[in-house]
Amino acid sequence: MRRALLLLLALAAAVAGCGTSDDRDQARAVVERFYDALRSDDAEAACAELSESLLEQVESQTQQSCEGVITRFEYDGGAIVGAEVYITNAKVNLRGGESAFLGREDGGWKLSAIACKAEKGKPADRPFDCEAEA
Amino acid sequence: MKGERGFLRENSLTIAFLAIFLLSLGGQALVGHSEFNHDQLAHQDATISLSRYLTSSGYWVDVMENWQSEYLQFTLFIFGTVWLVQRGSTESKPPGEEGRESDEDQKIGEHAQPDSPEWAKAGGLRTLVYSNSLLLLMTAIWLGSWFAQLVTGRVEYNEAQLDHHEAALSLWQYAGTSDFWNRTLQNWQSEFLAVASMVVFSVWLRQRGSSQSKPVGEPHASTGAEG
Chain A
0 MRRALLLLLA
10 LAAAVAGCGT
20 SDDRDQARAV
30 VERFYDALRS
40 DDAEAACAEL
50 SESLLEQVES
60 QTQQSCEGVI
70 TRFEYDGGAI
80 VGAEVYITNA
90 KVNLRGGESA
100 FLGREDGGWK
110 LSAIACKAEK
120 GKPADRPFDC
130 EAEA
Chain Z
0 MKGERGFLRE
10 NSLTIAFLAI
20 FLLSLGGQAL
30 VGHSEFNHDQ
40 LAHQDATISL
50 SRYLTSSGYW
60 VDVMENWQSE
70 YLQFTLFIFG
80 TVWLVQRGST
90 ESKPPGEEGR
100 ESDEDQKIGE
110 HAQPDSPEWA
120 KAGGLRTLVY
130 SNSLLLLMTA
140 IWLGSWFAQL
150 VTGRVEYNEA
160 QLDHHEAALS
170 LWQYAGTSDF
180 WNRTLQNWQS
190 EFLAVASMVV
200 FSVWLRQRGS
210 SQSKPVGEPH
220 ASTGAEG
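One line per chain: the protein sequences are A and Z, in this order. Just so you know, we're using numbering that gives the first Met the number 0 here: the first sequence kicks off at 0 and counts up by one. Just so you know, we're using numbering that gives the first Met the number 0 here: the second sequence kicks off at 0 and counts up by one.
Please note that the accuracy of each hint is not assured.
[Stated by the list, open to error] Residues from chain A shown here face chain Z by an in silico Cβ test under 7 Å; the list is partial: (1) A3; (2) S39; (3) E43; (4) C65; (5) E83; (6) Y85; (7) T87; (8) K90; (9) G102; (10) R103; (11) E130; (12) E132.
[As the list claims (entries may be wrong)] Stretches of chain Z that chain A covers, calculated by requiring three or more beta carbons in the stretch to come under 8 Å of a beta carbon on chain A: (13) 20-26; (14) 163-176; (15) 195-207.
Note that these hints are calculated values from the structure, not bench results. All C-beta atoms, glycine included, are put in the ideal place defined by N, C-alpha and C.
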């Protein structure tokens with residue numbers, strides 16, 4: 000009985016946390032590079048962290064190139080205070096109160112939504128309000 | 000060679016079911032991986048490898064939700080058949096024998112036979128534990144796999160939450176979601192129906208040669224008789 004229980008608990012622990020530590024570091028690194036690029040006005044580097052679909056969304060919504068518009072969105076920024084990874088999606092939270100959402104693509108983690116804030120009320124039930132999202 | 004054949008023959012029921020269990024688990028892995036990647040592509044997300052899928056909660060939540068309901072079924076069936084009866088069923092004791100029965104009936108302590116299990120002879124705590132060991136193991140596996148369903152279900156649920164740019168839920172919050180309870184109850188209801196069906200069908204229907212059926216000519220009113 001103990002063996003069966005230990006096996007199940009070990010399995011649950013492995014599955015619940017599998018691969019996320021490395022993924023968390025990579026997702027944090029993407030967000031760090033993105034905000035570093037914004038701070039140094041390097042629009043090209045910032046746009047390189049966006050997923051293909053977010054890039055398309057930004058350009059079609061603004062009718063401008065990503066490089067021309069990415070630094071003009073409203074960001075609160077701040078240090079990274081946490082990162083959550085669930086299989087192929089991630090969310091990185093910043094001290095200023097905003098979050099960035101990421102998706103895992105073939106080339107690694109890419110941003111799928113930027114400068115996102117929780118809506119008032121029950122945040123789990125409705126999408127965050129983002130400056131740009133795919 | 001003869002010994003091996005004897006082992007296979009004497010354990011054929013367990014071996015056959017373990018074999019089809021492994022085949023089904025493997026089949027579920029392959030089609031589950033295909034379905035997962037199909038959804039990923041539909042959402043314009045990246046696909047994942049089979050090995051990554053097999054260590055992901057997306058696979059294990061589907062496995063665990065079925066395991067927990069099967070072991071709950073056995074847990075309740077083992078416990079329920081101590082106290083509840085169905086006249087005429089192969090799955091029931093005869094009416095009038097409800098309860099834990101006497102030490103003599105159960106062959107424990109001073110009533111144990113020379114070849115009874117040691118813990119049945121020992122008396123005290125060991126006999127108490129051994130007297131309930133089947134129920135204890137089934138309950139432990141049920142609770143363990145149900146907890147595993149909770150943990151893995153939360154990861155999969157949160158993956159969809161983040162994909163929709165919504166907040167992730169804690170384990171406690173997820174335990175109160177309709178997703179968790181829908182996964183749970185949709186499995187429970189089918190298990191309970193299956194048990195009730197087996198109990199009742201075995202009163203009137205027969206399968207010649209099966210241990211789960213009365214002998215074909217056994218009267219309908221005969222309870223607990225197995226072929």
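Here's how the hints hold up against the structure:
| no. | hint | result |
| --- | --- | --- |
| 1 | A3 | holds, 6 Å |
| 2 | S39 | violated, 27 Å |
| 3 | E43 | violated, 24 Å |
| 4 | C65 | violated, 18 Å |
| 5 | E83 | holds, 5 Å |
| 6 | Y85 | holds, 4 Å |
| 7 | T87 | holds, 6 Å |
| 8 | K90 | holds, 5 Å |
| 9 | G102 | holds, 5 Å |
| 10 | R103 | holds, 5 Å |
| 11 | E130 | violated, 12 Å |
| 12 | E132 | holds, 6 Å |
| 13 | 20-26 | violated (count 0) |
| 14 | 163-176 | holds (count 7) |
| 15 | 195-207 | violated (count 0) |
Of the hints listed earlier, those the structure fails to meet are numbers 2, 3, 4, 11, 13, 15, in rising order.
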